Each structure stands twice: as C-alpha cells, then as structure tokens.
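Engineer: Given the coordinates of chain W, assemble chain V onto it according to the supplied hints.
There are 2 protein chains.
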Amino acid sequence: MYLNLCFLYSVISKLLDPQSAAIVGASPKPGTVGYVLLENLATRFKGRAYPVNPKYDVVELWGRKIKFYKSLLEVEDDIDVAVIATPAPTVPKILEEAGQKGIKAAVVISSGFAEAGNVELENWVKAVAKQYGIRLLGPNCIGVYNAYTNFDTQFLPVERAGRPPPGPIALISQSGAVATAIMDWAARRRLGMGFVVNYGNKADVTEVELLEAFAEDERVKVITMYMEGLKYPGEAKRLLDTVRRIAPKKPIVVYKAGRGSTAAQRAVRSHTAAMAGTYEMYHGLFKQAGAIEASSVREMFDMAKALATQPTPRGPRVLVVTDSGGMGVQAVDALEALGLEVPEVPESIAKELKRELLPFAAVSNPIDVTGSATDEHYKIVLDMLLPTAFFDMALVVTLMQVPGLTKNLAEYIIGAKKYGKPIVAVNFGGSELVQKFEEALEDSGVPTYPTPERAAKALWALYRYSQVRRRL
Amino acid sequence: MYLNLCFLYSVISKLLDPQSAAIVGASPKPGTVGYVLLENLATRFKGRAYPVNPKYDVVELWGRKIKFYKSLLEVEDDIDVAVIATPAPTVPKILEEAGQKGIKAAVVISSGFAEAGNVELENWVKAVAKQYGIRLLGPNCIGVYNAYTNFDTQFLPVERAGRPPPGPIALISQSGAVATAIMDWAARRRLGMGFVVNYGNKADVTEVELLEAFAEDERVKVITMYMEGLKYPGEAKRLLDTVRRIAPKKPIVVYKAGRGSTAAQRAVRSHTAAMAGTYEMYHGLFKQAGAIEASSVREMFDMAKALATQPTPRGPRVLVVTDSGGMGVQAVDALEALGLEVPEVPESIAKELKRELLPFAAVSNPIDVTGSATDEHYKIVLDMLLPTAFFDMALVVTLMQVPGLTKNLAEYIIGAKKYGKPIVAVNFGGSELVQKFEEALEDSGVPTYPTPERAAKALWALYRYSQVRRRL
Chain W
1 MYLNLCFLYS VISKLLDPQS AAIVGASPKP GTVGYVLLEN LATRFKGRAY
51 PVNPKYDVVE LWGRKIKFYK SLLEVEDDID VAVIATPAPT VPKILEEAGQ
101 KGIKAAVVIS SGFAEAGNVE LENWVKAVAK QYGIRLLGPN CIGVYNAYTN
151 FDTQFLPVER AGRPPPGPIA LISQSGAVAT AIMDWAARRR LGMGFVVNYG
201 NKADVTEVEL LEAFAEDERV KVITMYMEGL KYPGEAKRLL DTVRRIAPKK
251 PIVVYKAGRG STAAQRAVRS HTAAMAGTYE MYHGLFKQAG AIEASSVREM
301 FDMAKALATQ PTPRGPRVLV VTDSGGMGVQ AVDALEALGL EVPEVPESIA
351 KELKRELLPF AAVSNPIDVT GSATDEHYKI VLDMLLPTAF FDMALVVTLM
401 QVPGLTKNLA EYIIGAKKYG KPIVAVNFGG SELVQKFEEA LEDSGVPTYP
451 TPERAAKALW ALYRYSQVRR RL
Chain V
1 MYLNLCFLYS VISKLLDPQS AAIVGASPKP GTVGYVLLEN LATRFKGRAY
51 PVNPKYDVVE LWGRKIKFYK SLLEVEDDID VAVIATPAPT VPKILEEAGQ
101 KGIKAAVVIS SGFAEAGNVE LENWVKAVAK QYGIRLLGPN CIGVYNAYTN
151 FDTQFLPVER AGRPPPGPIA LISQSGAVAT AIMDWAARRR LGMGFVVNYG
201 NKADVTEVEL LEAFAEDERV KVITMYMEGL KYPGEAKRLL DTVRRIAPKK
251 PIVVYKAGRG STAAQRAVRS HTAAMAGTYE MYHGLFKQAG AIEASSVREM
301 FDMAKALATQ PTPRGPRVLV VTDSGGMGVQ AVDALEALGL EVPEVPESIA
351 KELKRELLPF AAVSNPIDVT GSATDEHYKI VLDMLLPTAF FDMALVVTLM
401 QVPGLTKNLA EYIIGAKKYG KPIVAVNFGG SELVQKFEEA LEDSGVPTYP
451 TPERAAKALW ALYRYSQVRR RL
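From first to last, the protein sequence lines stand for chains W and V. Under the UniProt record's numbering, think of the first position of the first sequence as 1, with each following residue one higher. Under the UniProt record's numbering, think of the first position of the second sequence as 1, with each following residue one higher.
Pulled out of the complex, with its shape left as it was, chain W reads as follows (with noise of 0.2 Å):
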C-alpha cells in the first residue's frame, strides 16, 4: 500500500513538474487556445516540448523552426505529460494513444464533457486513463501552472493574464476563472505563486491528491484552496484525514465558496455541479481539520503571505507600534475582535521608553511614536519590546506621509526579524515612497497591508496555526 501510494505521487509531481510535455493541438495560429499552450511550452517552458498536430509539419515561429509531430507515437523520446486541448470527441482516441506511447500523466484543457452533459464521453476518458494507468488532469481546466519551469498550460496569454513569480505560495483551485484572476493579481503586486492548480471537472485527479502532492514539495511553504464543493461520496471524509495530516506540517489556507441559501446553491451547482453543502458543514470540517479559513479570496492571500514568511509565534499578545494615534486605534479594535491581546506595557519598561521617544508619545500598547517621529523611535521600542517575555508578535504602523520617516526605517524593522517573532506592517497611501518601502519590507519577508484589519487578520492566522501546531 505503503508504495503504492508513493508511486501515485511521484506520477502527481510529474504532473505538476515534468521535464517534458506534448502539446496535441498545438497551432501556429495566433489568437487559438493551441497558439497559447504551444507558446507557452516552445518559449518559456524550460522543459523539452512536443507539438503535436497532423495539419503541420515544420513552422518558422519566434525566429525559430518548430517540427509538429503527426500524432504522439511519432515523438521518439520519453514524454512526462501529455496536454491535450482537442475538440472533446477526439480526446479518447489521443488518451489511447499517449497510453500506447507510455505516457503516466495527462493535462486535458479540452471542455464539452460533463459540465456539458456529455457525461458519457467523460466516462469514456476515464476508462481509457484507467486502462493505460494515466493519471489525467480536468477535462474542462486550465491546468498547471509551474513558475519554476514555466511548464505552463493556462491558455490565455501573457498579456491578458499575467503569471506571478516563483514563490512559496501554491494554490488549487475549483474555479478556472478564480484562478486566473488570482494569477494575473499576483502577477502584479509580485506575489510569488510557486505554483496553481485547476482541476476542472476532476474527472480523476483530485484536490485530495494535489493537497498530498504540494505538501511534499519543499518549495511550497503554504498551500492555498479555492473551493465550492465536494462531488462524490466519502470526499469529506478523505479531505478531513488529509488536511489533518498535513496541517501540522504546513499550513492550509481554504476559501470555501457558496456559503449562502438556495440562491448559493444554484450558483454552485450551475458553476462545477458540485453540492455546495451545509457551509456548516464545511466550517466544522476545516476547524476540526486543522485548515486556516478565510471569508474571502483576497484575505487567504494575505494570510498565505504571512504564513508563508513568518515564525509561529508563541502567544496572542500584540505589540502594537504606530505613527497615527487613529491607526493604532484601528489596529486595537481589528485585533480585540479576533481574539488576540493588546496587553499593557509593563511600568518599568514604559518609564525607560518614556525617557527615549518624544515627551508626548503614547508609551502604553499600542505605542504611539507620533507624526513627528523618526525612524530611530521604531527602533528604540521594536528593540525594547519584542525581545521580552510581554509579547509574541508586532503590528507596525507606518504612515509614511509624515515628515520624519525615510526609507531606512525598513532596514529597522527588517532588522528586528531577529528576535524571532512575526512582524507585520500596515501601510496606506500611494506616494512613490510608500510603495518603494513596502517594496522594501516585501521583499526582506515582512508583509505589508493597506489597513489595519488585514493586517490584524493576518497575525491572527499566524496565531492559528501555532495552536494547530500544538494541537494535532
């Protein structure tokens, strides 16, 4: 069982990884899906690729001579995955063939299976896969994308659709669209996605299966799910024990869609004809599991970020640090909310602060370094207060827009990752010096929020996980 099981993973990260990949239906025609996917694999793909498509033979495209192959058994060397995106009627036959050639993993962007009614043709795809022992991606996806190799499948181009950075977050998704969007988002704000993943139809591959994949792949740190519902009987059950196993180990940020009444339900059903089920249900599901939840997509990459960068802290207690007295307020109330402390700072400790910042600085939690601090009065209480026992994470405030702060202070902040703690920063604004200095903190691994809420949310998430450290 013990290797069986090994062996199915090691054709999923070939799925998610390979070193090779055909494209059938690839096309020299700009504007089709087949253009994309073969520009994608031919052109930044660091993989060998394989177009495969009986109406061409050889084409000068991107300065270079592209040689398609008539059919996949033509392509002598070995192939890891195979991606089809031919019209649905042809699929089967192309399975078979892959089958013949020996290839273990098949990517099928293709759609007009079951989310088209044709249940029968879907059931047909699975049989041949199970025949060959392919293991088969979709139909009716967008399918992999791999920031690592640039091993790249989703069929929109660059332009319309941009492709994140590597980075530690990896994201499966229910939703092709959800996806994309998320991808063409990260891709802006430099949100480094390792990789995304969307299994369209699940015809075979499931999210259970990419779930164990990613959490033994050491390049991804976070592991993040959009979901709508479950399909089959007994996926609950299975998506309980995974997470469970897999939470302690890292953490599993899930946005669960289609939460509402009958009108929700409609959506969901129209959308991937899965049951949305009781929310409730799912709640439960994902608390007793060890899954972080978040209400939105927005707030699981904020908390996937910190997560992805921060220490597990040892308590709730927050130290708040600010510039503007209403910013700390904010902070306070968005913590307090969620269940974290803001705890005093303790007298003798206030005192010596008192003598270090300015006469009418707030020396209580939250610190208020006021408009007319300088960078140093960061430094002086981050210094102060996060190596002592009172205190488990920091909330930094910086307005920027006030006169005496700089873009040193990032390296002060920065600095004070040494004690060990979680840092988060809120900044707001959009002058070119707030962005270079959230630039700055991204980059060195502290992240940033535009308000105090997210950011709040975020150490809470941070607090979360440490409990589901401890518990499981």
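Wrong hints could be hidden among the right ones.
Pairs involving identical chains hold if they fit within one copy or between any two copies, as the list cannot separate such chains.
The list that follows gives simulated cross-link-like pairs (lysine to any residue, SDA-like), each with its CA atoms no further than 25 Å apart [claimed, not checked]:
1. Lys351 <-> Gly117
2. Lys436 <-> Ala187
3. Lys55 <-> Gln100
4. Lys407 <-> Arg188
5. Lys436 <-> Arg163
6. Lys221 <-> Tyr148
7. Lys436 <-> Arg298
Calculated directly from the structure, the hints in this document are not laboratory data. Computed from a prediction, not measured in an experiment: that's the story for all the values here.
Structural biologist: Okay, now just chain V, sitting in the frame of chain W:
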C-alpha cells in the same frame, strides 16, 4: 436664531472655501511647515495669499518675488482666513491681531495645546477667538484641503502626501494622520474628494458644524466621517439631531474607530483625549439617526463611491452577471450575508436568454455568461433584465482575463445606466487591460471593486440609504 445660524454657517463655509488667506509663520526655508504652507497657498491656491513673518521682507521663490508682511495688521486687503503655524505660546497674540484686522476665521495648525497638557493656553486661545467672534479650526490639526481652489493647509509636501482630485466626497476626520493617508491613497486612485477637514483639538469648530456646512454645499454629494470619540457632554445628542436632519438629503457614512475594550479605550484616550464611549452607544446613535456605518476606512470609501454616483434603489433585489461561476458564487454569498436578495430569473425570460447566450451559460441568477462570453452577452443580459420590475440593482463581474472580452464592454455597462438602477462592477487582476477597463467604468460613474464582497457591501449601502430616505 435662524439668522444667527446662517451667519455661523457662512463663516464656516468661508473657512472651508476662502477667497484669501494669510499664512502666519510662512517661511522661505524648504523642509519647514511654514514653507510647505507657503508653497501650497502661494503657488497652487486659486485665491490671494499673504505670507506673514516679521523675519523676512521680499524673497525670491518659485521664480517670482514673494512679499512677506510683518504682521496681519500690515496687510491692507481683506483676509478671509488666517492660517497660523507659529509656536503655541505666540498664538493668542496673533489671534488678537486677526481680530483687530476683522478676520473672522482661523485655522490653527500649531500643536502644544491641550493635547500636550497645556489646557490653559488652549482656553486662552478660545477666549480670544470668542472675544473677536473668530471661528477657529484646531489647534493641533492639518486643517482644510479644498480640491476646487487648492486652499490647502496640509503641511506635508505633495511628494510625500498626495492630494486627491476634486470630486463629490467630503471627509471630516478626527485624526490628522488618517486624513493625510486617505488623501494620499485617494490621489493615487483618482478618487474625487472635494474637501478634507481635520479639526484637531476641536477648541471651537466641531464636527457637527462641519457636517452642517457640507450639507449646504452642492458640490458635496456624500459626507464621510472618521471618528474616534466625542469629548463634551451633550455632543452625542447634537450629533444625533444633525445627522437625522441631514441624512435623508445627503448620505453620511461614518467609521467609528475605537470599538474594543480596555486597550482600544486607552488608545483613543491617549490619542485625542476623547472618550471612546461604548461602541454600542455609537452604533445605536448612527443607526437611529440614519448614518450609514462602515467597519473600516476602506469600506467607508467603497460605500461613498457608490453613494456619490448611483441612484437610490427601489428594493433589495440584485441581478448578478458574471463570466466566472466562482465569482458569481462569492457574490451571492456576500449579498445574502448582508440581507440583500438574489431572486431567480422568471422562467419566460430565462428561456429567451437561453436562446441568446451560449448553450452552456447559466441563465438563472447569478447569470453565468461563462469564460467563453463576448461583450455582447453582457449587453444582452443587462438590456433584457435590468429594465424589468424583477431587479432593483446589478452586480456585474467582469474577469477581463477571459479571451472574448474587450474594452468595449465598458460602454455596454455604462450604457445600462439608462435604466436608472444602481450598477457596480467587480474586476480583479493586474494587466493593463484590467486597469484601463476599470478607469473607463469609474470615469463614467460605475464604481468598480476588486472583490465581490466589497461590491456587495457598496450595494448594501445604497439599499440602506434608500431606507433612510424613506423612513425619515
């Protein structure tokens, strides 16, 4: 009494929208507060500016000769507002000169009053202002930003803290730094904010009077308020009465910071010496009076943007159109959680839609035109459903990453405004197409949001406002 009130309001509107201003403490030295104020008012203000500083005579600045006056009394022309940025102890004497000169309004930027423990000095300033009938904003404030005339007493340079373009939103902020950060953020997003006022220690002019002034100004379509707490006995009652009177005519959106327990109270007290009060008290007050409450600064502007541009809906029924089933599901979740309705499409219309849209489109509500949609599919849905009596507003999700959509879609959505019902859009991503599309919509008065949750909250605010209008 009526005449007296009118007189008061006209002085306050002069304070917010003067034709002429003196800058006491103006300085030719870059990097000082007096320099930024001088630069604001001498180079960008559309009215007349009179620098006052006995240390200087005529100085060449920005390629022209700037005359400095020795005192306010030396200026021969009439002055609407004295902007005072000299050390705190000098302020009473300067106010006295303003009074002798017949100036009726002053913005005192200087700090070092009650907020620093100098209560007597602040009382003295109040007494002088009262004696001469001067209405005084501050002290310890950033004062006024008027985007129409660039009357701008914000003392941070534009490079560090952006200024928003003119527009229908006014902000009354208890926190100076929060106001500054909001302006910088709004400037980047091109969010139109005609007026921003921070009242600092509130020695004289109060938030209630500012509310009254904005209620009267036709350029202001929505009033936003950032509050931490009230200060004096009887203020809650006055605020309640004022909001109740204004709200049915002009929407008021409030974000009250300082909601939590001891730590939040502590933070508010040390920040503005105000009592946070129980949050429940404020919540009850706002609800009763007809203010729309936001739960964060960002949400306040999400709502304000919709209230400033959209008609009042007749009911809670939302039409959801989407090209991503997943986003549709999220929208329904969010709408239903807020008590809005997502009714089914009547069968006869659904049949007709079925003929016009793609065969695998979902024609119930949410209507999923699918990732294969073209611009025209959105037009068909909006034209067929929005004019009917079945829907009161529309939430349109346009993930522009899908291949069939172009920037023309913006025109169709903007065109649907003719049905006189609120429309908000959801866009997510980062490519240039997404950004251009968003700008086109926003510039034509269709507010866009990056997540379905935020768009739903904006529709909720519109519905809530329709109830305020009806009820009061």
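Engineer: Within, between, both or neither: how does the pair Lys221, Tyr148 come out at a Cα-Cα threshold of 25 Å?
Structural biologist: within (14 Å within a copy, 50 Å between copies)
Engineer: Can you tell me if Lys436 and Arg163 fall within 25 Å by alpha carbon in one copy, between copies, both or neither?
Structural biologist: both (22 Å within a copy, 19 Å between copies)
Engineer: With identical chains treated as interchangeable, where does the CA-CA distance between Lys407 and Arg188 reach 25 Å or less: within a copy, between copies, both, or neither?
Structural biologist: both (22 Å within a copy, 19 Å between copies)
Engineer: Can you tell me if Lys351 and Gly117 fall within 25 Å by alpha carbon in one copy, between copies, both or neither?
Structural biologist: For Lys351 and Gly117, only the inter-copy Cα distance (18 Å) is at most 25 Å; the intra-copy one is 72 Å.
Engineer: With 25 Å as the alpha-carbon cut-off, assign the pair Lys55 and Gln100 to within, between, both or neither.
Structural biologist: For Lys55 and Gln100, only the intra-copy Cα distance (22 Å) is at most 25 Å; the inter-copy one is 93 Å.
Engineer: Indicate which option fits the pair Lys436, Ala187 if close means a Cα-Cα distance not exceeding 25 Å: within, between, both or neither.
Structural biologist: both (17 Å within a copy, 17 Å between copies)
Engineer: At most 25 Å between CA atoms: does that hold for Lys436 and Arg298 within a copy, between copies, both, or neither?
Structural biologist: both (22 Å within a copy, 21 Å between copies)
When each numbered hint is compared with the structure, no violation occurs for any of them.
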